[in-house]
Amino acid sequence: MNILLSSVQILDPDSPFYRQRTNVLIRDHRIVSIGNEHFESDQIVDCQAFSLSAGWLDMFCHIPEGSEWKDDLLSVSQAAAAGGFTEIAMLPNTQPVLQNKQAIEFVKSKSKFLLTQIHPIAAASLETEGKDMTEILDLRQAGAVAFSDGLNPLTSGRLLVSILQYLQHFDGLLINLAEEKSMTEYATMHEGIHSVSLGLKGMPSVAEKLAIIKILELLRYAGGRIHLSKISTSEGVELIRNAKKEGLQITCDIAAHQLAFTDADLADFDTNLKVKPPFRSQNDIESLIAGLQDSTIDCVVSAHEPHDEEGKKLEFDLAEFGIIGLETAFASLNTYAKLSVEQMVEKLALNPRKILGLEIPKIAVGELANLTLFDPLQTWTFTKKDIRSKSKNTPFVNHVFTGKVIGVFNQSQFQLFL
Amino acid sequence: MSQLSVRHLLGIKNLTVQDIELILETADKFKEVLNRPTIKKVPSLRDLTIANVFFENSTRTRLSFELAEKRLSADIINFAASNSSVKKGETLLDTVNNILAMKVDMIVMRHSSPGSPHFLAKHIKANIVNAGDGTHEHPTQALLDAYSIREKHGEIAGKKVVIIGDIAHSRVALSNIFALKKLGAEVAVCGPKTLIPKYIESLGIRVEHDVFKALQWCDVANVLRIQLERQHSRDFPSLREYALYFGVNKSLLDRLDKKITIMHPGPINRGVEITSEIADSEHSIILNQVENGVAVRMAVLYLLAEQTA
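Taken in order, these protein sequences are the chains called A and B.
When we follow the numbering used here, the leftmost residue of the first sequence carries the number 1382, and every step to the right adds one.
When we follow the numbering used here, the leftmost residue of the second sequence carries the number 65, and every step to the right adds one.
Errors might be hidden in some of the hints.
To be verified - Computed far set for chain B versus chain A, every beta-carbon distance over 12 Å:
1) Lys77
2) Thr113
3) Lys134
4) Ser137
5) Ser146
6) Ser180
7) Leu184
8) Asp197
9) Arg235
10) Lys262
11) Tyr263
12) Thr339
13) Glu341
14) Asp344
15) Ile349
16) Asn352
What the hints assert, rightly or not - Computed list of lysine to aspartate or glutamate pairs in EDC-like fashion (alpha-carbon distance at most 16 Å, straight line):
17) Lys1719/A / Asp1756/A
18) Lys1694/A / Asp344/B
19) Lys1743/A / Asp1453/A
20) Lys186/B / Glu1690/A
21) Lys77/B / Asp1395/A
22) Lys1771/A / Asp1649/A
23) Lys1765/A / Glu1690/A
24) Lys216/B / Asp321/B
25) Lys105/B / Glu85/B
26) Lys1491/A / Asp1453/A
27) Lys246/B / Glu219/B
28) Lys1694/A / Glu154/B
29) Lys1693/A / Glu219/B
30) Lys1625/A / Glu1598/A
31) Lys1785/A / Asp1756/A
32) Lys186/B / Glu1598/A
33) Lys1693/A / Asp158/B
34) Lys262/B / Glu250/B
35) Lys167/B / Asp139/B
36) Lys186/B / Asp1649/A
37) Lys314/B / Glu272/B
38) Lys322/B / Asp283/B
39) Lys104/B / Asp92/B
40) Lys186/B / Asp158/B
Since the hints were made in silico from the structure, they are not lab data.
Values in this document were obtained by computation on a predicted structure and should not be read as measured data.
Cβ coordinates follow ideal geometry from the N, Cα and C atoms, glycine included.
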């Protein structure tokens, strides 16, 4: 196999060609030449409109192994590739839960031959019930890249302290959601004027704010490192901004879809807009964008959460929370966040690996290709045909995006979406 | 202009002022029919079959709809199921599609989930009348309340109406707010802070927590039932305390320097949100509301049926 990416913009900050256009020759899945001279090749891709970066990594992706009709490792890998992700960190909320060595090894061995590599995040508490710690050291040994209860927020102060302390044995990472559950029970959308006029119980922004305040206090007390996923409020961004200034070891991400909708969009009770945290106000979106720009928000995740029709074609309050997001994450970020391509690469490829302690793939001669090729300016319409996931629960069908993934390379495979 | 702008009555939110006025005017005509000495019936909906699908308990709304349908000569079928028994197996959409397969033209539905009639409207062809969807809307109640205020006071524009009670768990409050605002009334809500949604002022209404002040301000007080069954947690300490501090009673009304109209959508918790003395007094138009309910529902069904034709 021989493929030439001609005149492509290089977005590897360590490359002498950073931000420049040049030719990249990939042979047998390895980068063999980079430069402005012409290289002979079987296949030439004209990349004058495209940019090339280290392959992207999604830090918050639910693969419902155990409910394989919704999605499995293979279908998620395909959806991820279509969305430009060459690696995924997978949440532990499978059946059974990812909480022992065998489960971690199963994921690793199954993903060995997939284009998109899947890294398991192990459960932080047994059954993700928030009561007792899992065998964290052994799980790490088996290959867990981080610890989290995934879709279930960890709220017990005692347990949070124990886990934060225990993880310090190897500078391990805890990933958590910021939700004060006692304030979100029975709620289905953001609390505000729209929840009032729809007669739906709302989740107030203060529920996220309270959870973050509590987590920051516990982090000050216990030390260690925490990453908060799916931040959604102005208040949350401000708290994390200040915590970072203070020097606390905290990082965070947002779901890419959070930028695309507000609570006003729920007027028609569309269950594909039922997500947690909920779509909030335009003001919150502005704060998330400011947070992305000043690096308060480190990463952007797909928050991929597949559900079958039975879970979504229902009355609003009975429907499941969550939407699929792998195929649309970059497009949503690129369309709504007003970031430079360099910033986007930071959020999608560089920062997730720094936080998880994984090696950042290089665009350099001799390296195995782990790359994402994308066109930041192309306008396109997302349709049902573009969905690779087995589940179709997305509000983005017929949505017009700017920015399209053109190709991915990893694990001695590649795929082009030309 | 003699047609509604909508195919379904999902809520007052989706209606234009003209829609509401058309319904009220049509109800006038049906009220005449109902007050005839004999043959209180018209053949308007002779060819239509209407299913009353009630997933939540209801006595007066269901009877009122049933009577309205009979007075219009429609064929009717009734379906009642508690949500829990439906949850075990069939989905809402399957249940309704099964009913529609028997060639039903119109669905009158009550359901505990906000937005459930909107959900149905996306998936079925029959006309839908929302007979109450959880804590969202109860449009025919708001229409009959508006009709009753108009009947008593001549017009609605400029009138001051206060809705007292459990606003947070009430579909009647929300529909009434939308309807009265569209018709030009000034609206206030009154009750303990825990029973009034935080952002409700953004609907363009006043919020008052002192029942006496609210009564002194208004021309009409619509007293709501305390919805114990719809509260997941107790938002006030006890019914006793509620009755003492937020109930409407004679001594409050005696202290007013004017006469006001008292309404209640029923069923009344006598001695809790309102005392019997007041509910049965000359101030009260509670039974007129019930009577008008049939005429208003006839108007809604009749006008929606025209949309099908």
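Hints and how they fare:
Annotated as non-interface, Lys77/B brings its C-beta within 12 Å of a C-beta of chain A; the closest such distance is 7 Å. With a minimum CB-CB distance of about 25 Å to chain A, Thr113/B clears the 12 Å threshold, and the non-interface call stands. Interface exclusion of Lys134/B from chain A stands, the closest Cβ pair being 29 Å apart, more than 12 Å. Every beta carbon of chain A lies more than 12 Å from that of Ser137/B, the smallest distance being close to 33 Å; the non-interface claim holds.
Non-interface status of Ser146/B relative to chain A is upheld: no Cβ of that chain comes within 12 Å, the nearest being about 15 Å off. Distance check for Ser180/B against chain A: the nearest CB is about 5 Å away, which does not clear 12 Å, and the non-interface claim fails. The Cβ of Leu184/B does not lie farther than 12 Å from every Cβ of chain A; its closest approach is about 9 Å, which violates its non-interface assignment. In this structure Asp197/B is not separated from chain A by more than 12 Å, as the shortest Cβ-Cβ distance comes to only about 7 Å.
Once the 12 Å rule is applied to beta carbons, Arg235/B is inconsistent with being away from chain A; the minimum gap is 6 Å. Residue placement check: Lys262/B does not keep its beta carbon more than 12 Å from all beta carbons of chain A (closest about 7 Å). Its closest Cβ contact with chain A, about 5 Å, brings Tyr263/B to no more than 12 Å, contrary to its assignment away from the interface. Taking the minimum C-beta to C-beta distance to chain A, about 29 Å, the non-interface status of Thr339/B holds against the 12 Å cut.
The non-interface label for Glu341/B is consistent with chain A: the shortest C-beta to C-beta separation is roughly 32 Å, beyond 12 Å. No Cβ of chain A approaches the Cβ of Asp344/B within 12 Å, the least distance being about 31 Å, so the stated non-interface status holds. For Ile349/B, the requirement that its beta carbon stay farther than 12 Å from each beta carbon of chain A is met, with the minimum near 26 Å. Asn352/B, annotated as away from the interface, keeps every beta carbon of chain A farther than 12 Å; the closest lies near 27 Å.
About 15 Å separates the Cα atoms of Lys1719/A and Asp1756/A, which keeps this hinted pair within 16 Å; it holds. With a C-alpha separation of about 46 Å, the suggested pairing of Lys1694/A with Asp344/B is violated against the 16 Å cut-off. The suggested pairing of Lys1743/A with Asp1453/A is violated, with an alpha-carbon distance near 29 Å, which exceeds 16 Å. Restraint check for Lys186/B and Glu1690/A: satisfied, since their Cα atoms lie roughly 15 Å apart, inside the 16 Å limit.
Between Lys77/B and Asp1395/A the alpha-carbon distance is near 57 Å, which puts this suggested pair outside the 16 Å criterion. Restraint check: the Cα-Cα separation between Lys1771/A and Asp1649/A comes to about 25 Å, which exceeds 16 Å; the hinted pair is violated. Between Lys1765/A and Glu1690/A the CA atoms are separated by roughly 14 Å; this keeps the pair inside 16 Å, and the hint holds. Of the pairs offered as hints, the one joining Lys216/B and Asp321/B is violated, with about 19 Å between alpha carbons and a cut-off of 16 Å exceeded.
A distance of roughly 23 Å separates the Cα atoms of Lys105/B and Glu85/B; the hinted pair therefore is violated under the 16 Å criterion. Of the pairs offered as hints, the one joining Lys1491/A and Asp1453/A holds, with about 11 Å between alpha carbons and a cut-off of 16 Å not exceeded. Distance check on the hinted pair: Lys246/B and Glu219/B sit about 13 Å apart at the alpha-carbon level, within 16 Å; holds. Only pairs whose Cα atoms come within 16 Å are accepted, and Lys1694/A paired with Glu154/B is accepted, the gap being roughly 13 Å.
A C-alpha spacing of about 45 Å is found between Lys1693/A and Glu219/B, which places the hinted pair above 16 Å, so the restraint is violated. Straight-line distance between C-alpha atoms of Lys1625/A and Glu1598/A comes to about 13 Å, which keeps the hinted pair within the 16 Å bound. Proximity of Lys1785/A to Asp1756/A is assessed by CA-CA distance (about 5 Å); at most 16 Å being required, the pair is judged to hold. Under the criterion of a C-alpha separation no larger than 16 Å, the hint pairing Lys186/B with Glu1598/A is inconsistent with the structure, at around 47 Å.
Proximity of Lys1693/A to Asp158/B is assessed by CA-CA distance (about 14 Å); at most 16 Å being required, the pair is judged to hold. For the given pair, Lys262/B sits about 19 Å from Glu250/B by alpha-carbon distance, which is inconsistent with the 16 Å threshold. Using a Cα cut-off of 16 Å, the hinted pair Lys167/B and Asp139/B holds, with the two alpha carbons roughly 11 Å apart. Under the criterion of a C-alpha separation no larger than 16 Å, the hint pairing Lys186/B with Asp1649/A is consistent with the structure, at around 10 Å.
Annotation: proposed proximity of Lys314/B to Glu272/B is violated, straight-line Cα distance about 20 Å (limit 16 Å). With a C-alpha separation of about 9 Å, the suggested pairing of Lys322/B with Asp283/B holds against the 16 Å cut-off. With a C-alpha separation of about 14 Å, the suggested pairing of Lys104/B with Asp92/B holds against the 16 Å cut-off. The straight-line distance between the Cα atoms of Lys186/B and Asp158/B is roughly 14 Å, inside the 16 Å bound, and the hint therefore holds.
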